Structures are given as C-alpha cells and as structure tokens.
Amino acid sequence: MAPSILILALLGLPHASAWIPTVKSVYEFGNVADPALNRDSCGSVRVDDRMLWTCRDTQGFGGDGKPSLPIWSSSAAWTNFNNLALPDTRMYATSSDRQPYFAQLASECPANSAGGCPDGTRYAIWPDQPPAITARDGSVWTGYTWIARQHIRGDFSSVVKDPEVSLYRFVYDVKSADRNAVPRMTLVREAIFPQGSFPFGTHGSAVKDGLVFLWGKASNGRIAMARVPVGAVEDPRRYEYYVSGRWTATRPGPNDAGVEVANSSAGGQGTYFYSPYWRKWVWIGQAGVSVAAEFYMTTADIPEGPWDKPRSFYRGKDGSAPLAAYTLQAHPGMHLAGYHDGNDVFISYTKNDDVYTTPLVRVFFN
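Just so you know, the sequence shown maps onto residues -18 to -1, 1 to 348 in mature numbering (1 follows the signal peptide of the UniProt record, and there is no 0).
Please note that the accuracy of each hint is not assured.
Straight-line alpha carbon distances no greater than 27 Å define the calculated BS3-like cross-link-like pairs of lysine-lysine that follow [what the hints assert, rightly or not]:
id: 1; residue 1: K299; residue 2: K6
id: 2; residue 1: K190; residue 2: K262
id: 3; residue 1: K262; residue 2: K291
id: 4; residue 1: K190; residue 2: K143
id: 5; residue 1: K143; residue 2: K299
id: 6; residue 1: K299; residue 2: K190
id: 7; residue 1: K262; residue 2: K48
id: 8; residue 1: K291; residue 2: K6
Restraint ranges, calculated between C-beta atoms of paired labels, are given here [said to hold, decoys possible]:
id: 9; residue 1: K48; residue 2: F11; range: 41 to 49 Å
id: 10; residue 1: A239; residue 2: F43; range: 49 to 57 Å
id: 11; residue 1: G44; residue 2: P218; range: 15 to 23 Å
id: 12; residue 1: F11; residue 2: R293; range: 34 to 42 Å
id: 13; residue 1: D79; residue 2: W1; range: 46 to 54 Å
id: 14; residue 1: G136; residue 2: N65; range: 29 to 37 Å
id: 15; residue 1: V8; residue 2: G136; range: 32 to 40 Å
id: 16; residue 1: P17; residue 2: W229; range: 28 to 36 Å
id: 17; residue 1: G270; residue 2: W1; range: 31 to 39 Å
id: 18; residue 1: R293; residue 2: K190; range: 18 to 26 Å
id: 19; residue 1: K190; residue 2: A231; range: 16 to 24 Å
id: 20; residue 1: C99; residue 2: D79; range: 39 to 47 Å
Worth flagging that the hints you see were computed from the coordinates, not collected in a lab.
Since the structure is predicted, the reported quantities are computational estimates derived from the model, not experimental observations.
Heads up, the beta-carbon is just placed ideally off N, CA and C, and yes, glycines get one too.
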C-alpha cells in the first residue's frame, strides 16, 4: 500500500480511486434540432420512453432562413428513440405560443418574452440544468428545476450577484393523449434559496437512493453541495448542506470556510449522474474559463468525494462565433433505452455559428 493511502486508512479517511476511463471510439449522431426553431443551450432528462429537453433562448426563422424575433427565454421539446433504442435527433412539441417555458415574474419585464427591460437590462430566466425526476407514481412523473433569477446587462455582467433561486415543478402523466404536449412547468417557490446564497441546483442535480443531490456555483467561483429527500424538495427547511466534511441544516454562504468539495467539477456547466456500470458518481462538462467544446470528466465513489482531478477526454468542433461552444452536457437517460452496457456516454454541446446547433455524440470507453 502506498504511504499516503496507508496514512488515510489509519485515519479512517476515504481516498480517491484515481479512475477516469479512456476513450475507445466516438460516434457522431448529428444535431438535435427542431428545423423550425433556433434553440440555445439544451439539456435532457429521461421521461418514460422519451427524452425531455429544456433549452434557453429560442426563436423562429424568417423568410430568409435566418433567426428572427421575438426571442423567448426558454422552451421545451421531446425526442424519441428509434427501433434500435438509439436516440432520434428530431425535436418536436406543441407550440408554446412563443412564451417562456419557465415563467417570468411580474417584476421581470414579462411583457418581453426574452425578459428585456426598458432600461436595457434583462431578466435571463435560463435553465442551466434539465429537470431532476423525483417521483414516478404509476404513469405520473414529477420533476423539478432550480433556476437563478439572473438580472443582467447587455455585456452579460450581473446587476445582482448571487440572485434568488426559484423552484419549478412539472407533474406529467406519460399516458397523456397529446404526445406532442410537453409537461406544464409551474413556479412553486419564488425563492427556495435567497439572494446572496449558493444557487444550489443550477450547477447540477442528481437523484439516488431517495435523495436529490444539488450543486451550486456562486459568483466568486466556489462550488458547494446540498441534498434533500425526494419527497421534500419544496420545503427549504428539509435541505442539508455539506460543510467541513459533514451534513448540516445550516445553509452556508459563498464566503464561508469548508464549503467546497475539491475537484467535483472543472468549473463550467456540466452534468452529474451516477453510473451503475462504473459504480461511480460522474461529472462531465466544460472547464470554468472556456468557450471550447472540450469535455472534462471526474469521478468519485460517493458525491461527497474525494473526486479525481478532472481530465479532458473529448474535443468537439467549435463554432465560428466568439462564444464558440458552451453548455456541455451528458445525457445519462439515453442509456436506459435498451442495448447499452453502460460503458459509454451520450454528450452534447451548443455550437455557436450564425445559428445554434446541438451536436449529439456517443463516446465509447475502454
């Protein structure tokens, strides 16, 4: 046994297993898209036999084939699986009347579907993560999304740092007669986390063993973790927070000591999930200061860590715009379709050119 591991064992402390898989091969599926809409920053979650996608800024196309106004700040759509249990890339949904999927508040310039205000600022009510599925009662599925109520300027700087986080919920019967209709998303708590807190749930969420694990990245770049029972998501008193190596009911602030779990992500947008095949917790996403389609991965035996140092494992093609690529996501729900052994992962990102595209890629590992 290595000396450092021996010391940890004698102290009764966990040690990292230092395992991140290596890539065997890659298959590109093409772009996930609705040909009638230009969608930015999409993520997905499995709902029964389909994938539900939630996206940020969405707009139609004009007669010249170019994106046109208005913009609405969020949208949702379905994709199916084909006869080989592989994901289809065609998005579809009943029209939303070009209104945001995640509703704006009366104070957030709702007359403008993008959240634009007369003073030139904007309320960007953007989903950073797809819904977390907390319940399946017969044919009825329940999912939650945590969204920071961002108020930004034209240069993307924040009017308010670490804004309130709202909680949205859908309750959906998968036997619904209208297969095109997406689940109705309802605002259930305007401020599940107050201004000045970590925005738990916006950096990541994952469900396992009756608990929802949440990660939040504050404006100072620090990332902290929370958890809540799946049946108590709407009760802020039931949340616990991981501080100084233990769970506590006292919510920490962004500047408090002991809040960070080292290496739990590379700092950028991504996806947390548990892999039954690897028997590991996994984070896949982007580096914190990056606009490139370079995917990083880190793993841990338990969500509290220790996590391995994030490593790059795949590089996609960047777009031509200054913000060339972002919203790097994994899609663990796509593994549940059928003929997948779990030693692979589906990933996507937003490629930014004159339009947004969402390349979907399957990565096989050794």
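Verification of the supplied hints:
1. Between K299 and K6 the CA atoms are separated by roughly 19 Å; this keeps the pair inside 27 Å, and the hint holds.
2. For the given pair, K190 sits about 12 Å from K262 by alpha-carbon distance, which is consistent with the 27 Å threshold.
3. Distance hint between K262 and K291 is fulfilled; the C-alpha atoms sit about 14 Å from each other, no more than 27 Å.
4. Between K190 and K143 the alpha-carbon distance is near 31 Å, which puts this suggested pair outside the 27 Å criterion.
5. Note on K143 and K299: the hinted pairing is violated, with a Cα-Cα distance of about 32 Å set against a maximum of 27 Å.
6. At roughly 33 Å between alpha-carbon atoms, K299 and K190 are farther apart than 27 Å, so this suggested pair is violated.
7. Distance check on the hinted pair: K262 and K48 sit about 44 Å apart at the alpha-carbon level, beyond 27 Å; violated.
8. Pair hint K291 plus K6 holds up; C-alpha atoms about 21 Å apart against a cutoff of 27 Å.
9. Evaluation of the 41 to 49 Å hint for K48 and F11 yields a failure: the beta carbon distance comes to about 25 Å.
10. The given range of 49 to 57 Å is respected by A239 and F43, whose C-beta atoms sit roughly 51 Å from each other.
11. For G44 and P218, the Cβ-Cβ distance of about 44 Å falls outside the hinted range of 15 to 23 Å, so the restraint is violated.
12. Remark: the range hint 34 to 42 Å for F11 to R293 is contradicted by a beta-carbon distance near 24 Å.
13. Separated by about 48 Å at the C-beta atoms, D79 and W1 satisfy the suggested range of 46 to 54 Å.
14. A beta carbon spacing of about 47 Å between G136 and N65 contradicts the range 29 to 37 Å that was offered as a hint.
15. A C-beta distance of roughly 38 Å is found between V8 and G136, which places it inside the suggested range of 32 to 40 Å.
16. Judged by the Cβ atoms, the range 28 to 36 Å given for P17 and W229 is violated: they are separated by roughly 47 Å.
17. Separated by about 23 Å at the C-beta atoms, G270 and W1 break the suggested range of 31 to 39 Å.
18. For R293 and K190, the Cβ-Cβ distance of about 23 Å falls inside the hinted range of 18 to 26 Å, so the restraint holds.
19. As the Cβ distance of K190 to A231 is approximately 21 Å, the hint placing it in 16 to 24 Å holds.
20. Against the hinted window of 39 to 47 Å, the Cβ-Cβ separation of C99 and D79 comes to about 21 Å, which falls outside the hint.
Checked against the numbered hints above, the structure violates hints 4, 5, 6, 7, 9, 11, 12, 14, 16, 17 and 20; every other hint is satisfied.
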